[in-house]
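Chain order of the listed sequences is R, Z and D. As numbered in the numbering used here, the first sequence has no gaps in its residue numbers, which increase by one up to the final residue, 231. As numbered in the numbering used here, the second sequence has no gaps in its residue numbers, which increase by one up to the final residue, 391. As numbered in the numbering used here, the third sequence has no gaps in its residue numbers, which increase by one up to the final residue, 1007.
Keep in mind the hints are simulated off the structure, nothing from the lab. All values reported here derive from a predicted model rather than from experimental measurement. Each hint should be verified, as a subset may be incorrect.
[Stated by the list, open to error] Derived pair list, reagent style EDC-like, types lysine to aspartate or glutamate, alpha-carbon separation capped at 16 Å:
#  : chain 1 : residue 1 : chain 2 : residue 2
1  : R       : 163       : Z       : 267
2  : R       : 152       : D       : 862
3  : D       : 496       : D       : 416
4  : R       : 85        : D       : 903
5  : D       : 996       : D       : 933
6  : D       : 660       : D       : 544
7  : D       : 642       : D       : 684
8  : D       : 666       : D       : 684
9  : Z       : 292       : D       : 862
10 : D       : 396       : D       : 684
11 : R       : 152       : D       : 880
12 : R       : 60        : D       : 715
13 : Z       : 292       : R       : 153
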Amino acid sequence: MQEYVNITIDGAKISAIRGTSVLDTAMEYGICIPHLCHYPGLSDIGACRLCIVEHIVNGKAKVTASCTLNVAEGMVIRTDTDRIKRLRRNIAELLVAQAPNSRAIQDVAVRCGVKQVRYPFHNDNCVLCGRCVRVCAEMWQAKALGFVGRGKDRHVDFPFGRKPDFCKSCNTCIDICPMTITPCPGPMKTGEEYLCLACEGQLIMADSLPGACVWCDLGKGFQCARQVQAG
Amino acid sequence: MSENVFETILENRCSQPQQLIEVLQDVQETFGYISEEAMTAVSKELGVPVIEVYRVANYYKAFSLAPRGRHVITVCMGTACHVRGAPRMLDEVRGQLGIEPGQTTSDKMFTLERVNCLGACALGPVVVLDGKYYPGMTPNKLRKLVQSVRQAEKEVAADA
Amino acid sequence: MPKLKTLKDLTKFRESLAAQKEDVDCMVTISGGTCGNASGSLKVVEAMQSELASNGFAGRVHVRVTGCQGFCEQEPIVTIDPANIFYCRVSPDDVPEIVSETIRKNQVIERLLYTDPATGEKITKETDIPFYRAQDRVLLGLNRKIDPCNIEDYIAVGGYSALAKVLSGVTAEQVIQEIKSSGLRGRGGGGYPTGQKWQQCREAAGDEKYVICNADEGDPGAYMDRSVLEGNPHAILEGMLIGSYAVGANKGYIYVRNEYPLAVSNARKAIEQAKLFGFLGDDILGRHFFDIEIMRGAGAFVCGESTALMASLEGKVGEPRPKDVHTVQEGLWNKPTCLNNVETWANVPLIINKGAAWFASKGTKGSKGTKIFALTGRVKNTGLVEVAMGTSLRTIIHSIGGGPNDGVAIKAVQTGGPSGGCLPAEKFDLPVDFETLAEAGSMVGSGGMVVMDERTCMVDVAKYFIAFLQDESCGKCVPCRLGLGRMLEILTDITEGRGKPEQLDLLEDLGETMTHTCLCALGKTAANPVLSTLRYFRQEYESHIQDKYCSAGVCRELIQYSIDPNNCTGCGACLKACPNKAITGESEKPHRINQDLCSRCGICKDVCKFEAISIC
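Input sequences plus hints: build the corresponding full structure.
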């Protein structure tokens, strides 16, 4: 027996299922909120901060991640204010400057409106989205992977740095990883990284229908929840 | 011998995952570091997945996964100490020992650590050697302190 | 010692302690907190005890070892009552004279007295010390009268009477109302109204609730909580007992950072003694049951954040979680939890005993009561300072702190730790008040106040804090982990002469992004040191970028040390002191620095007695 609550997202009145997140509700209703660490079926950790929205409480707008915010009666949310767009763009810029060698990250950057990268490029092969860790722990209950280390030393590893015998090599961690798909023009060598704006055309379509999901190709790149759910 | 000590640490803590940090602290204090064997045993006894034990051991600065030197020198790098020249203490002891913070000298005599504030700020710069606090340090005093430890070890070795 | 079961029992016991005191001719108080011990006070204590014993004074002269009294640079401090004579920087060698002259004959030993740096006068009585007189030491002053390892001292000064008052007929709602009326706001940095937090916790659904004392004081430069927990642990126990009664909790935790071993051990002793006397456990004064456990941190600054602290208590890595649902609703083990800072808890018994109106009569409209600050850095009198909220920075830094050290002009004060900001000297007339400092771009924070002078480079200070935060960040969220990394990259560029003008706007843009989008308070406030120094000291950034010049002579890539051959006597002190073996020269001939090997640490300049080494 599902309970419903009434919330408002970008002016649209929505009947949301109690216990779901604002992000899930928005995506369900075809309102596009970019995201990366969110993956349907896995718990949400609010790590990438791309899904930020403004939560209006007592006239004040609080910026918060929509994947960890559960719907409540009377909630008012805005996903597309100028401030949110600017903040999201800055976060995507940090991501693409850090790990440009992935189609998913490049697509997220374009989708969030990044036009220039103001930092020197690095070429990391992990963005610590935690999808692999969560799928191993929650779907397979194996817990063969985890986040080890703190801060800039945080990385994904096996216990003691060695693949344990209880890892069944199911490879789901690899399938679900956003870094496994190289950018369309090919892998980037260290020192030759760049912001690939090839799919900017997709953005024009998204811009003309602000907030609405247009099943863009960019979404396929970063395994947008809607694309994944649709199969 | 060490197995008994280990059992004492785990006594009354079986199947209590929330005791993980306290247990690891006891292991650290007793053995000077946390070995893979220790982590595996703790994982079994407390009922915590081994990856979680490994995560906790790696996350907190108090835990060392490699054996430490016989003498631990800790340089406080808090704001008050920084403003009074703590980086020079670090330079001095780096030069003296030839190691970076977190490392141990090859003769296993010294481990160098840095800490982000010991709370003795009015006495800065502060250096701790083997648990004893040395206030108002200067690079000169620090050099002499390190030399005195080396001298003492030489004398002990000579007597032996 | 039979348990004290009622308010009457407690009152009678206190009276008996007062009667015992009359038999003591003389009380010698020696400060013995972590600072005191580091300065050698334990040896002074030993010397005093043995000297008194061998002179037949044991029994008539009591030695009391207290915690920190706040006048840290003068440690070890020995005060002799009833004459209230104050001796500072006492060494064990001074003890025989103290016993034979002051204790036996009431003669004052001039050389051990404190000299007022402003007037040059020697001050005899503790109550006349200007450093203390200018403060309002309602909380910290108690450390003076209490041996933390002896619960009787705490009872003698009125300890546990607030608890007894509450448990003899006051309702939980009335307690909460009293705390609300007092205007007490969290002393750990958040400044959240304490009464409101207690009310929310009380109203939260659930019959299993917790209270927590956050003693993970991680702000570098702040040690107020250490002093209160080390020196007066029962004040916290009593505060938590009252709080637990008010919110409906029966279990409490004190989470102490493991870098404070003395605080951990004193708090443990206090809990044991409180149990013995019936203040903890089942059947507390007939009305309440409550237990407290001490848990140690394991070296993570981020565990001072309430959700990370609770994760750590649960035996997990100390990673914060989003606070869309507050911890008063779902905290430790997802149960309603009331977490407060050490100083907040310690103020509770005072408010219950002296009344909310007394507390609210001090401070400003929005910030009531007193606050303890750790005044450190480039100022004459460093130590702990307790003043009413609303006192100006100038009063704290110049009147109480004594102003500049070494005659170098004070440039700025850093308040609020790594979450706070730097305020320039022109702003020193600002009152210390939660809203005022926040508007100015800093914050009251936990109470750390680091004074900086012309020898401090503000860009280096910003870099220092960002490096600290990067070290301590849990690393979970992108804007904190990557944002701090990029900020450090840019600040390193600027301090090493590779800065570009557009990087200043980038720092501000990135800082604003971090402030709004990071998951927890560590990330959300991480940009403050950069944003506040950009706001008030932009010209320092600009001169680093445009002129590659560091006016304070701190940024190593931008300075060079050189030896003036006219002043150099060839004594070789610098040669011996250099950790990089960068100095060469023959005895009694001018020495030279090899710039390729020189790391610009400055150790040579410190040891040179002939002023032959300078920065250019």
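Satisfaction of hint between residue 416/D and residue 496/D, Cα-Cα up to 16 Å: holds, 13 Å
Need the status of pair residue 292/Z, residue 862/D: alpha-carbon distance at most 16 Å? holds, 10 Å
Within a Cα-Cα threshold of 16 Å, do residue 642/D and residue 684/D meet the stated pairing? Cα-Cα ~8 Å, so holds.
Check the hint pairing residue 666/D with residue 684/D against an upper bound of 16 Å on the C-alpha distance. holds, 12 Å
For residue 996/D and residue 933/D, compute the direct alpha-carbon distance and say whether it is at most 16 Å. The hint is violated at about 27 Å.
Under the criterion that the straight-line Cα-Cα distance not exceed 16 Å, is the pair residue 396/D, residue 684/D satisfied? With Cα atoms ~22 Å apart, residue 396/D and residue 684/D exceed 16 Å; violated.
Straight-line Cα separation of residue 60/R and residue 715/D no greater than 16 Å? holds, 15 Å
Starting from residue 152/R, check that the Cα of residue 862/D is at most 16 Å away, please. holds, 7 Å
Pair hint outcome, residue 85/R versus residue 903/D [Cα-Cα no greater than 16 Å]: It holds: about 13 Å lies between the C-alpha atoms, which stays within 16 Å.
Hey, residue 163/R versus residue 267/Z, does the alpha-carbon distance stay inside 16 Å? With a Cα-Cα distance of about 14 Å, the restraint between residue 163/R and residue 267/Z holds, given a limit of 16 Å.
Has the given pair, residue 292/Z with residue 153/R, been kept, meaning a C-alpha gap of at most 16 Å? At roughly 13 Å apart (the allowed maximum being 16 Å), residue 153/R and residue 292/Z satisfy the hint.
Residue 152/R paired with residue 880/D [C-alpha distance capped at 16 Å]: Given pair residue 152/R, residue 880/D holds - Cα atoms ~13 Å apart, limit 16 Å.
Going through the hint list in order, the structure does not satisfy hints 5, 10.
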